[in-house]
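*Asks:* Please work from the sequences and hints to get the whole structure.
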Amino acid sequence: GANPSTKLYVDGVLKKTVPYASVSAGGYWHIGKAGSGSATPYQGLADEVAVRHETLTAEAVANLYAAQKSLFPAPSSPSILAALWKFNEPAWTGAKGEVKDSSGKASHATAFGGVTTAASPDISGAAGFFDGVNDYVGTAVAYGGTDTSLSAWYMTTNTLTNRLALLGGTNGGRFEVYVHQGRPGCRIWNGGERSIYADDIFAGDWHHVVCVQVYGANPSTKLYVDGVLKKSAPYSSLPAGGWWSIGRPGSSIAKHFIGYIDEVAVYSEALSEAKVAELFAEGR
1 GANPSTKLYV DGVLKKTVPY ASVSAGGYWH IGKAGSGSAT PYQGLADEVA
51 VRHETLTAEA VANLYAAQKS LFPAPSSPSI LAALWKFNEP AWTGAKGEVK
101 DSSGKASHAT AFGGVTTAAS PDISGAAGFF DGVNDYVGTA VAYGGTDTSL
151 SAWYMTTNTL TNRLALLGGT NGGRFEVYVH QGRPGCRIWN GGERSIYADD
201 IFAGDWHHVV CVQVYGANPS TKLYVDGVLK KSAPYSSLPA GGWWSIGRPG
251 SSIAKHFIGY IDEVAVYSEA LSEAKVAELF AEGR
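The opening residue of the sequence shown carries number 1 in the UniProt record's numbering; numbering runs sequentially from there.
A portion of the hints provided could be inaccurate.
Here are the simulated SDA-like pairs of lysine to any residue, each with C-alpha atoms no more than 25 Å apart in a straight line [to be verified]: (1) K275 with Y197; (2) K16 with Y65; (3) K69 with V51.
No lab work stands behind these hints: they were computed from the structure.
*Replies:* So this is what it looks like as structure tokens:
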């Protein structure tokens with residue numbers, strides 16, 4: 001026409017305009033294949049491709065974006081998973097590395113004290129059963145003074161014993177996951193005992209517990225049970241060093257865990273409240 005132009009819109013918003021249009025091209029459209037020798041084929045995902053024999057207004061473009069936006073949610077950033085032990089093995093014999101890590105990091109663990117897997121009550125699949133005497137799973141995943149999240153499913157009927165170690169450490173157990181008289185919690189040591197526990201008893205059924213620790217200028221420790229934030233404290237533990245153990249405490253004041261443990265995970269980051277809720281919703 002008398003006033004040619006070409007306009008570029010991205011996510012419903014006009015980004016660029018030039019005062020010219022192309023010459024009549026002829027030929028056919030291709031999706032993913034270039035017609036110019038200076039371009040390369042597209043690599044990636046494409047969807048909802050349309051050709052319209054009209055000039056769309058800015059309002060029409062904005063409406064089109066609004067109508068289709070929900071079809072393409074922004075991908076969530078992957079969590080920094082340091083280790084994931086699903087406890088799906090049919091049995092453990094104590095052989096080194098037989099407790100498999102499913103994170104892709106090959107942080108395989110070893111069963112000690114005769115602990116093995118068993119059919120887990122109420123839910124199909126196996127879980128680790130710990131006798132509360134000397135059973136534990138030893139890992140080679142080290143713990144340092146960086147943001148960390150510990151996640152596990154557990155079931156115990158014990159509501160009397162103090163400080164059952166669901167996920168323990170070494171070097172004094174400065175950051176651990178406990179079940180204290182039936183109440184799950186996060187054990188923190190930063191020169192003094194500053195542990196936090198849920199107010200309610202969670203026993204007799206499967207429950208999901210997550211302890212999240214943040215270091216830096218604004219340290220904090222958060223306790224989540226079954227996807228819900230239960231307690232928060234404005235401090236973090238001293239760097240522990242050493243390695244994680246499942247079912248065995250690093251502190252002399254705690255006890256070996258008695259009951260079932262499953263889907264134990266260590267994250268090298270502070271999980272968000274939304275991510276913790278997502279983990280719980282996924283189940284075990």
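*Asks:* Which numbered hints are broken by the structure, listed smallest first?
*Replies:* none
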